[in-house]
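S.K.: Spelled out from the first residue to the last, the chains are:
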Amino acid sequence: MNIEHLVKMANQIEAFFKAQTNPDLAVDGIADHIKRFWDPRMRKQIKAHVAAGGAGLDAMTVEAIKRLG
Amino acid sequence: MLSKFDQDFGTPSVDSAKQVTLQIDGMSVTVPAGTSIMRAAAGAGVSVPKLCATDAIEPFGSCRLCLVEIEGRKGYPASCTTQCDEGMVVRTQTGKLADLRRGVMELYISDHPLDCLTCSANGNCELQDMAGVVGLREVRYGYEGANHTKAKKDESNPYFTYDPSKCIVCSRCVRACEEVQGTFALTIEGRGFDSRVAASQNEKFLDSECVSCGACVQACPTATLTEKSIIQFGQPERSVVTTCAYCGVGCSFRAEMQGNRVVRMVPNKNGQANHGHSCVKGRFAWGYATHKDRITKPMIREKISDAWREVSWDEALQYAAGKFKSIQAKYGRDSVGGITSSRCTNEETYLVQKLVRAVFGNNNVDTCARVCHSPTGYGLKTTLGESAGTQHFDSVEHADVIMVIGANPTDGHPVFASAMKRRLRGNDKGQRPGAKLIVVDPRVIDLVRTPHVQADYHLQLRPGTNVAVINALAHVVVTEGLVNEAFVKERCETAEFDKWREFVSRPYNSPEAMEPVTGVPAAKLREAARLYATGGNAAIYYGLGVTEHSQGSTMVIGIANLAMATGNIGRLGVGVNPLRGQNNVQGACDMGSFPHELPGYRHISDGKTRALFEQAWSVKLLDEPGLRIPNMFEASLDGSFRGLYVQGEDVLQSDPNTHHVQAALEALECLVVQDLFLNETAKYAHVFLPGSSFLEKNGTFTNAERRISPVRKVMPALAGKEDWEVTQALANAMGYPMNYKHPREIMAEIALLTPTFHGVSYEKLDKLGSIQWPCNEAHPIGTPVMHIDQFVRGKGKFVVTEYVPTDEKVTRKFPLLMTTGRILSQYNVGAQTRRTANVVWHPEDRVEIHPHDAEERGIKDGDWVGITSRAGETVLHATVTERVQPGVVYTTFHFPESGANVITTDNSDWATNCPEYKVTAVQLVRVSQPSEWQKQYKAFSERQADLLEQRVARQS
Ligand code: SF4
Ligand code: SF4
Ligand code: SF4
Ligand code: FES
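Heads up: the sequence lines are chains A and B, in that order.
Taking my numbering, the leading residue of the first sequence gets 41, the next gets one more, and so forth.
Taking my numbering, the leading residue of the second sequence gets 961, the next gets one more, and so forth.
It is worth saying that the hints were derived from the structure and are not from the lab.
Treat the hints with caution; some may be incorrect.
[Claimed, not checked] Covered by chain A, according to a simulated footprint, are these stretches of chain B (three or more residues, beta-carbon under 8 Å): (1) 1141-1152; (2) 1439-1449; (3) 1795-1801.
[Stated by the list, open to error] Derived EDC-like pairs (lysine to aspartate or glutamate); straight-line CA-CA distance at most 20 Å: (4) A:LYS48 x B:ASP1866; (5) B:LYS1673 x B:GLU1685; (6) A:LYS48 x B:GLU1163; (7) A:LYS84 x B:ASP1598; (8) B:LYS1484 x B:GLU1456; (9) B:LYS1263 x B:ASP1906; (10) A:LYS87 x B:GLU1685; (11) B:LYS1113 x B:GLU1066; (12) B:LYS1459 x A:ASP64; (13) B:LYS1341 x A:GLU44; (14) A:LYS48 x B:ASP1598; (15) A:LYS75 x B:ASP1566; (16) A:LYS87 x B:GLU1163; (17) B:LYS1769 x A:ASP68; (18) B:LYS1164 x B:ASP1154; (19) B:LYS1459 x A:ASP68; (20) A:LYS84 x B:ASP1906; (21) B:LYS1341 x A:ASP72; (22) A:LYS75 x B:ASP1583; (23) A:LYS106 x B:GLU1584; (24) A:LYS75 x B:GLU1584; (25) A:LYS84 x B:GLU1584; (26) A:LYS48 x B:ASP1154.
Ideal placement from N, C-alpha and C gives every residue a C-beta, glycine not left out.
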């Protein structure tokens, strides 16, 4: 899948959860959202992208993707 | 004419707790106070002769045929306009009354042609019936004098004829247009003998304000206003109650039949969503079902450059099954998927998702609701706990303030719009003022100003700034002390509310701070917020203008927050109401069409629910979410997704960024399309399975108010199979046994496995007419209003909704914002309505542009203009209008050659991937010819039409 699209989608998710006050909860929110709505191949790809440096991803998103396990 | 399969009670029913008892022709009758004598009599089996009264409209008392005698009262009062009183003694049949009535009829008949035998109303004409009932035997005045029997017909409307020679000037049509439809297109012109019905300023019906809803045609007691189909075929001999297959209002209809032929569709008086009203689509635009373009034989081909080959059902299904299996063998279980349709029945949708989950063994199933209301599902589930609107339509009757956000009900949901307009006009007699109206929309939709309705506030925001507006509204509510503290304290999670309160109070969320972003004057926004919070029962109705944005889900949440903060939820007259586009959007979502959810909105990772389905279906289910439609396209392009089964959808035309979708479809190894027509998507298909129209199958649809209504088969399926049978056969061909004999058995399975449907069955539907889910042990006859004592999730949850501007920004290159919408006469991708006479109202999609922007670009009304966005380019004719604001252009998307989606981009809602149809940055220039894409697409379409034309017929 087009990694730029996945990066953009992930950052959009971050933009929503970032507004929820507690940053730790926000990271959980992002991770949970991705887990509940992204098909495994999308998650695999974004994880690989993070492993390769995570270019373009916002900080909380990177953290959240690391939490995906 | 009325349906002869329904009883007419003469005047509307009255809702009153007080009962009165009176005597009618010696019988004791008890009715609610305020009921007319005519209605009371009809209820007791006594028909009082009448002409100008019918129960869809208020009585008028003009024909003087319904006179009665009342003991102790002088004269002969009209029974239609006289209310029952306690102890009244009424006689409806006396010698004197008979004489009077004969006299009235004699006058009518002296100005009426006597061609009853060849008249289209013969067999269902109230004038004829009344002449019979009153025993009219001679007409003394003769026909030599002045009369109207030679008056000219108006045949301009494609569906009905106006023949003034037969008009008795009862004004039922005029009143139906006002009271039932709310368009006020008709008047009685002239006085006395010269008076006649006129559309607008004596225009032809087609050129007038008329929206062709047909309410007048239905109300007309004579052949004056008659369906052309009745003129062509004659009167029906049977009727079957079924449900409209167009929009999310879900109107109930009587299909009036001669054998297997529909002769007309008449809205069902007992229909709980529509109460006997309809729009032009449901009533008239059903001819597509027998259109010559219907494909009735299964077809296959190896490559999309091959001609089609007609084959048997068996061969087509084996072929498709073989392909799916070999793709899975080669590329893995997750390499195939399916798309269910919001136009198909609940049972059909349920089976497709079952096929994907149980037979394909993955969760790659999605529905076109992805591209319209998926944010509604996410937003309402998060805040309130259930992915559905909170009210029934009738609730609008009890609203004091109506806020319409990003919806255009008069075009998109016409019958509900009529109910809404009735409430906005208030009670004619002035006893009850109309509800106040707030419209939040970038465009001047009809509702902003329409006869006897005027929006109190029109917040004309810039496209893409919904969340900024809702936050500003909330800011006013919170900072001006308008929160319903008691409600919030009792019904909502306090900690979350406090967070939200702090968030919306921040100065940057104030109307003043947001004004430069939204373009909405702060003072006006403040007043609107105060009205919403303090004006009594306030109800929000919203549409795709809310959901189809990069912040669609956020906006839905914002709406729910606002409703909770003001306590406008959980009773009659309030609520949060998504207006669903297609007939079964709600149903498709309920049935587990989303890749992450099993039927009843239960996440696929929920082991307990999965176990339930695993046991019922005897398979192991995958616990991971599958691909959503846009993800399927992306996965197709990277080669990990290769086979797709599409039932009743046209993703190529309806989904954004056409270039991208084209490429994705082209990359598939096996595309199976099941549809009525060779739609745009099917041009890329390898297997075509003929579908069945709503007239050819049994099942149920669920409308925007969660109302499950029956769809009944009135004619045999043209291709021999109903859609659910096709899915079942495909499952069997893949080696998974399915043996349903009737959709009722599928519904029984749904009811068994879905708590909100536990109480639903075909037997109950037959008995009640329709059912609003939740229908279960706790709510045996369904639930009109939800969240009454507590929210479905327990406590309501406020969620912070930060405004994040979309990436789709105007630049020097793309200085205008394009937004999209729909129009009354056409439906969605138009596959159905384009194949009806509805094209007279909307023969093409046009782009609306403000005079200022048009002038700057040298564009005049009717010019070809090229529309360019970051995604592509297309060419449409321009309409120069002040309906749109400067800087904004607007178009509809009903015709494939328009390529509206060639210009829309990949941007989508953050939570659900619902595409951002409503905001695209574009530039417009005058051009002289269609775009490159349009030319290529035309060539491709012609090639595909040839391949269909050259199809190899099946030898049999
Ligand atoms: S068809 Fe509907 S809108 Fe047109 S005149 Fe009749 S009632 Fe009015
Ligand atoms: S057109 Fe029909 S409904 Fe209208 S006034 Fe004439 S007879 Fe009555
Ligand atoms: S299209 Fe909608 S409003 Fe019109 S008849 Fe059908 S369900 Fe009713
Ligand atoms: S029906 Fe009562 S006056 Fe015409």
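S.K.: Which of the numbered hints above does this structure break?
M.R.: The structure breaks hints 1, 2, 3, 6, 8, 10, 11, 13, 16, 17, 20, 26; every other hint is satisfied.
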